[in-house]
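Undergrad: Each chain, letter by letter, is given below.
There are 2 protein chains.
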Amino acid sequence: MLDPARLSIHQVTLLQQCSTPQFVAALARNGIPCTSLWRDKTRAHGVGETARLVADNGIVLSGYCFAGLITSADRTEAAAARDDVRRALDEAAALAAPCLVFVAGGVDPRDRDIAGTRERALAGIAELIPHARSAGVKIALEPLHPMICATRSVLSTMKLANEWCDRLGADDVVGIAVDTYAVWWDPDVAAGIARAGKRICSFHVSDWLADTQDLRLDRGMMGDGVIDLPALRGMVEAAGYDGYVEVEIFSQRNWWQRDPDEVIGVIKDRVQTAA
Amino acid sequence: MLDPARLSIHQVTLLQQCSTPQFVAALARNGIPCTSLWRDKTRAHGVGETARLVADNGIVLSGYCFAGLITSADRTEAAAARDDVRRALDEAAALAAPCLVFVAGGVDPRDRDIAGTRERALAGIAELIPHARSAGVKIALEPLHPMICATRSVLSTMKLANEWCDRLGADDVVGIAVDTYAVWWDPDVAAGIARAGKRICSFHVSDWLADTQDLRLDRGMMGDGVIDLPALRGMVEAAGYDGYVEVEIFSQRNWWQRDPDEVIGVIKDRVQTAA
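Sequence order for the protein chains is E and P.
Counting in our numbering, the final residue of the first sequence is number 275, and the numbers go up one at a time with none missing.
Counting in our numbering, the final residue of the second sequence is number 550, and the numbers go up one at a time with none missing.
Bound conformation, chain E alone (with noise of 0.2 Å):
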């Protein structure tokens, strides 16, 4: 059984019937604790609007999602791009956000190179690592699924997040972030998630669904796919992580489509069933 107060539900679950407003006033009213804002949503409205509006409803975060982005081949547009990292950090600062998801950008199509984009990345979170420090936001590197690797992270693999951060040497300030959509399928992820161990700052839920008809924007809610859940959060637990369970659905076909009351009665009853 999953503590009600440990509960987070995602901005990006209601992205579609819901403003900014009226998704803080769904979850208070519903009795939701904590939340992950979305980073375009919380631009929209304002970021001091939206710090006082969770704030006032006595909405915690357990994250800010998403920057990144920085592996531009182009040196330029990679510094802009840190630029804009360092934005978000300000902005999760500002919403007292513990962490800021980081996504860290797709293969370059103009040099095609992945092994030197992952190096790029590495070497821009390096130079981040002072401002998130300052900043008191972690850096939350999420390995994203590889149907994603071409345009949005070459960071894959749970294996490869561990050894981004043994290089980093600052788990002070960058942590992992561990999406169940994104990794259930490694066959390694239950190595990755106990060497993570206490760099784990954020655990995602949602479930694969077995006719999915969109593989991005048709996640499933717990219990309705094909993923162990209770098996990917007894090894984040047991690897010591005992933070949030956000639940993170992407839904165009059907949970964006559906009253958000209605939505978050479903979710509050399947974090206890199936997750």
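Hints may be right or wrong, so weigh each one.
List of simulated lysine-lysine pairs, DSS-like, C-alpha gap at most 30 Å [claimed, not checked]:
{"hint": "1", "chain 1": "E", "residue 1": "159", "chain 2": "P", "residue 2": "434"}
{"hint": "2", "chain 1": "E", "residue 1": "268", "chain 2": "E", "residue 2": "198"}
{"hint": "3", "chain 1": "P", "residue 1": "473", "chain 2": "E", "residue 2": "159"}
{"hint": "4", "chain 1": "P", "residue 1": "543", "chain 2": "P", "residue 2": "316"}
{"hint": "5", "chain 1": "P", "residue 1": "434", "chain 2": "E", "residue 2": "198"}
If you're looking for bench data, these hints aren't it; they were derived computationally from the structure.
Put chain P on the given structure of chain E with help from the hints.
TA: For chain P alone, kept in the frame of chain E given last:
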């Protein structure tokens, strides 16, 4: 430069625009020495008829594609699936194909036990070895992209394919098919290919389009995407592979819509410049 005698064009590359006789005729008039045949098409045309057709046109096979899907949690279903693989091995033998591309199967939604599924798959392959050996056809284990782990293949990495081969201890009759589209993202692909060595019995090329419209059916022509194909070919050749380079492009919106001779002409060019 690729020796043109090493070019094989997989039947799926012209799947929609050609019947089997049209496909074989297109290969013959363009001087393509080798193909890998698609099982559905082969059975529709007749295995014996197809065998005569390719032989009469002086075309050899680099493989027969595919069979497998043996991961059902139901014993009767799994036994029936293994019987189907045995039939496919016999068909491959009749076609004089050196290997049968083996697709493991996905996670059974009824048990959600991915580690258990992988053990079932491995045990099932072990049962197929005597039949493969007597048919004289290699089982080519093909690690497939993690995005199809749920439905098609729990064999997701070169590392796992090597582990399975180690445990099977039957390198004379179980090999590994390396598909660039499936493995290019893997941070450990170089190590996996080097470890595979002479186990590599099949090598498939296509490209990953940065602006892909469909992750499964919008593969790109070599040179149009983000995969460093010459680097991957260098790895398999350094590992000892000197067989056919098989062009396998699933492309609903582009290459399947084009004239067969045009497609083959582009392939002949691109294998020299971009693969």
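Undergrad: State for each hint whether it applies.
TA: The hints, checked one at a time:
1. For the proposed pair residue 159 of chain E and residue 434 of chain P, the alpha carbon gap of about 13 Å is at most 30 Å, so the pair holds.
2. A threshold of 30 Å between alpha carbons decides the hint, and for residue 268 of chain E with residue 198 of chain E the separation of about 27 Å falls inside it, so the pair holds.
3. Under the criterion of a C-alpha separation no larger than 30 Å, the hint pairing residue 473 of chain P with residue 159 of chain E is consistent with the structure, at around 26 Å.
4. Taken as a hint, the residue 543 of chain P and residue 316 of chain P pair is honoured in the structure, with Cα atoms around 24 Å apart against an allowance of 30 Å.
5. For a cut-off of 30 Å, the pair hint linking residue 434 of chain P to residue 198 of chain E stands: about 26 Å separates their Cα positions.
Checked against the numbered hints given earlier, this structure breaks none of them.
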